[in-house]
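Participant: Residue numbers (this note's numbering), protein chains in the order written: chain A, 194 to 975; chain B, 1051 to 1343.
Don't take every hint at face value.
As the list claims (entries may be wrong) - Mimicking PhoX-like on lysine-lysine, the simulated pairs with C-alpha atoms at most 25 Å apart in a straight line are:
(1) A/LYS547 - A/LYS585
(2) A/LYS269 - B/LYS1249
(3) B/LYS1204 - B/LYS1321
(4) A/LYS285 - B/LYS1218
(5) A/LYS311 - B/LYS1218
(6) A/LYS285 - B/LYS1257
(7) B/LYS1321 - B/LYS1180
(8) A/LYS650 - A/LYS631
(9) A/LYS901 - A/LYS828
(10) A/LYS269 - B/LYS1257
(11) A/LYS287 - B/LYS1257
(12) B/LYS1321 - B/LYS1268
(13) A/LYS629 - A/LYS650
(14) A/LYS241 - B/LYS1203
Honestly, the hints are just simulated from the structure, not real lab data. The structure displayed is predicted, hence computed values, not measured ones.
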Amino acid sequence: MKQLFYSLRSRIFLSVTTLVILLSLIFGWISIVQQTSSLELELIERGKITARHLSYGVEIGILTGDENGLHALLNKLLKEKDVLYAGVFDAKGKNISTSEASKLLKKHAGVTNLLMTKVEQPLSDLWVKKIWNHRDIYEFHMPVINEIHGSGESMLFDGEGDLQQQVIGYIHIILSGASIQHATHQTIMNGIRTFFIVFLLALFAAWWLARALTRPLAYMVSVIEKTQNGDFNQRIQLHGQNEMTQLAMAFNHMLEELAKRNEKLHEQQRTMQLILDTAPVGIWMLGLDRRMIFMNKAFSTAVGVSEQAFLNAKHYTELLPKVVSLQATQSDNQCFAMNAMVHSQEHIPCSDNKVHIFDVVKAPLRNNQGDMIGLVGIAIDATSRLQADAEKEQMQKQVEHTQRLESLGVLAGGIAHDFNNILTSIMGNAAMAERKIKGVSTEGEAYLSKIVLSSEKAALLCNQMLAYSGKGHFIVKPVNLSSMIESVTSLLGVSIHSTIELKYHLADQLPNIEADEAQLQQVIMNLVINASDAIGEDSGVVTITSGRMYADTAYLAQTVVQSDVALDAGDYVFLEVSDTGCGMSQEVQQHLFEPFFTTKFTGRGLGMSAVQGIIRGHQGAMNVYSELGQGTTFKVLFPASHQTLDHHAEPTPLSKNTWQPSGTVLVVDDEDMIREVSSLMLEDIGFDVLEAADGQEGIEIYQQYQDKIVAILLDMTMPRLDGEGCFRELKRINPDVKVILSSGYNKQDVTNRFDGSGLAGFVQKPYNLNELEKSLRLACTP
Amino acid sequence: MLAPIESQADGIAVISHANIKPYQLAIAGFREQVNLPLHVYDLDNGGEQHGAIALDIRQQQPQLIFALGKSALNFTRHMHFHVPVVFIFVLHPNNGSSGHQNQPSEFGIAMSVAPAQQFKMLINIAPNVKVIGVVYDPKKSAFIIQQAKVAAKKLDIHLVAISAGNQKMAAALIASVMPKVDAMWMIPDVTVLTSTTLKQMLRLSLKYAVALIGLAPKYVRAGCLFALSFDSRAIGSQAGAMAKKILVGKKVANQVPPNRVHFTLNKQAAKQLGLYLPPSLLKKVDHLYGESK
């Protein structure tokens, strides 16, 4: 009912009806007032005319005193409309004649009181009086004038003259206003009838107008309702040129625009849906009631729950494991409570039966007013990234570890080099002293022997350090691993406890490997001794196995020791040393190759470091398998070589008797003690000696004593001009010059730099007299 | 006999008592005849001015006084200017003044047309008229009634002249006499002729088919059959001519009728009376009323 009252049709109907009623009442009232006023004015005017006529008519009657004539005249006047009474008075105001009381007069009670018997006040003109107590009574008084000429002459002038007015009597007329009342009453009655007709017409007109105005609107509303249901093809069909048609045209235009925008919106929605579904992140939206409003395919697929299930669930966390549910609820609550973006990392079991780690961002969803209406959640699967990060971190640690080991290698190499120089001096001097006191003091010889023995042990340590740094003595040639193992068997036997059984599984027909025999021996020895030490004094078995295998890159990549360069897949010859010892913990394994790390009371921690350095130097690889209490297996791989064994026997050393050292040897070394001991040993051998503290000085001396100098013992590392530069200059001066290089670094490393340049020989520091003599003999013998 | 006018006398004093159109026309007509300067005095400005006017006139020493209306004539009689006076627009020169008679030095032109002239015109217009009625106040109009009776007798017309002492009586007598006469003669008698009696006569003339002889064109316009009246400009011019004669010492009559008469006729009234108006008569009419347009 209220809706009906407030409807546009009702409003138009009521407004038009009310307006028409009001206008009818106003115009009716105005009409009645105007008519009443007009009738009253007409009555008054009629009364005035009647009074003037009567005044004119009674002049002669008054002048001649014709009372009968006046009475007849007055009675005749009563026949005039509305005239109730008329009377005539003489100039002194005395009543001369009156009309008879009319029937109408008798109806007006009280009017008779108004009838004058005498005119009290002289009048000069017409006087009209309305009796308010008797609204239907109008009185008219008028003097009766007779004009006379003041002078006789003036009556002879045409239009001019001194006329004087003389009042010869008065008239008195009473008119009834009943006709006005009657007419007013009639007008009101007519007005009421007219009003009802107009009212009915107004009702009809209002109904018709309301219907005419609202019908197109209702039609438009029906079209709008269809549009609301998504049917944008609806159009309003109105004809004509009125405002409604214009509105319909505008609305149709709006519908067309709306349809276009709707299509565009759908397109955008489809695009957005596609983007959301194909996005590699999970996206969802929650309402304030925590119900899922939207979820993209990526997330539902990841967690293995359909989107519809999420959308239908009262709370989406019901579909998640309890732990995940609590975590999600907590972050949801935090986001709703703070009305701000919340970051979290959530572990969510996924459809691949793995728990994935998701970086989750939950942000408030706001309306245009900025009020929070829900939240948007975005989950990014960070599992791979975190794994990659962990791997990267691990790799970084490995790199750092490797760099640290390399630094240690450099350090160890440098120390070993310097130690070799010192040991060269010690061993040389000791050898010289031993030779001098030989036969003189047995006790002195013993001491010197111990010095030499200690120096040799120190030299061995230096070799280990050089091996670790990859700069040890290094003479590569084809070696058969099984043969090598067999060759060191005797040495191994004395190096291990008697309670330990050595077992060999050596493969026949093994391909050769390119290796330094000494270093390969060192590897075998170190591994076997370590295996023995792992078993300790208990009984156990150390198994040495050799063989051939194909190693692919994957296998090679997971080895613990690798060369600096990437190893190629292919045939490898392996050495495997297994023990039944105590095994190694993970911590021990992590530090296995670190220099100076040892689990032995007397160990120096260089064995495995040297093994690692040697394997790297040989472009090999190694794997370690160890379990505490179960034992350890080391597997070393060397690339298989196609080179055959060199069966050429080393040239038989020339006997000392057949070689007579002579001439001068130039010693070029920046170390004073090296130059000194070398000079002593050379002089002892039988050479004259010249010394130079660096390469530049060496060249100068050689230029000066070129004819005498038969060989030059040249150090590598020197100030001003190093060994290499000095060698090239010497070769330029004399291409046939005999130069023997002397270095604490390995021969291979050094000689590679002088490959093909005519180097006469190489002597590894620390060297003793014999080794020096051998080198010189080989160099100087044609 | 009048003494010749002194050479040092200066112009003519014109005295009127109202600045009305007939007076202005009359003065204009007078000026046409007289080449002397006119000093115009208006007595209507108030009685207190009369002495000053008289003093000024005396100082001016006019050769002649031209008086318009009875008040102006009485003023000259009271002031004794001792110069000839020519007057016009005075109905009864010998009445109304305090014992003055028409002085030897007073010369005037009568205001009304002679009864005989009026009766002759009536017969011209309505030849069947035999009885003419008139009501008059013997105190004011005895002389003219006497002239009328003489004229009527000559024209073989019966004049019924009834005297009335006051207005009331006049009205009653008019009512009683008019049914008995063929024509009713209006005379310039203020006792008899008022607006009421005029209306009465007009009404009765229609009722009893009585021809009314009016006094001036305004009565003809109201319904009288005809009127013979003076012309203001002509009467002024006639007075000027008279003054010229007086000033050169010629003898003139003390009062002469106007030598130019204005003839006004109401054609509608004539039609009501059943009168035929021949073209020769209509040619004489100065102004014709009641012509259907």
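Participant: Hint by hint, note whether the structure agrees.
Facilitator: Tested hints:
Of the supplied pair hints, the one linking A/LYS547 and A/LYS585 holds, its CA atoms being roughly 22 Å apart against a limit of 25 Å. Taken as a hint, the A/LYS269 and B/LYS1249 pair is honoured in the structure, with Cα atoms around 21 Å apart against an allowance of 25 Å. Distance hint between B/LYS1204 and B/LYS1321 is unfulfilled; the C-alpha atoms sit about 28 Å from each other, more than 25 Å. Only pairs whose Cα atoms come within 25 Å are accepted, and A/LYS285 paired with B/LYS1218 is accepted, the gap being roughly 15 Å.
A threshold of 25 Å between alpha carbons decides the hint, and for A/LYS311 with B/LYS1218 the separation of about 22 Å falls inside it, so the pair holds. Of the supplied pair hints, the one linking A/LYS285 and B/LYS1257 is violated, its CA atoms being roughly 32 Å apart against a limit of 25 Å. Simply put, B/LYS1321 and B/LYS1180 have alpha-carbon atoms about 19 Å apart, close enough for the 25 Å limit, and the pair holds. Proximity of A/LYS650 to A/LYS631 is assessed by CA-CA distance (about 23 Å); at most 25 Å being required, the pair is judged to hold.
About 55 Å separates the Cα atoms of A/LYS901 and A/LYS828, which puts this hinted pair outside 25 Å; it is violated. Distance restraint check for A/LYS269 and B/LYS1257: the Cα-Cα separation of roughly 20 Å lies within the 25 Å cut-off, and the hinted pair is therefore satisfied. At most 25 Å may separate the alpha-carbon atoms for a hinted pair to count; A/LYS287 and B/LYS1257 exceed this at roughly 31 Å. Restraint check: the Cα-Cα separation between B/LYS1321 and B/LYS1268 comes to about 19 Å, which is no more than 25 Å; the hinted pair holds.
For the suggested pair A/LYS629 and A/LYS650, the alpha carbons sit about 23 Å apart, so the restraint of at most 25 Å is met. For a cut-off of 25 Å, the pair hint linking A/LYS241 to B/LYS1203 is broken: about 50 Å separates their Cα positions.
Hint compliance for this structure: hints 3, 6, 9, 11, 14 are broken, all remaining hints hold.
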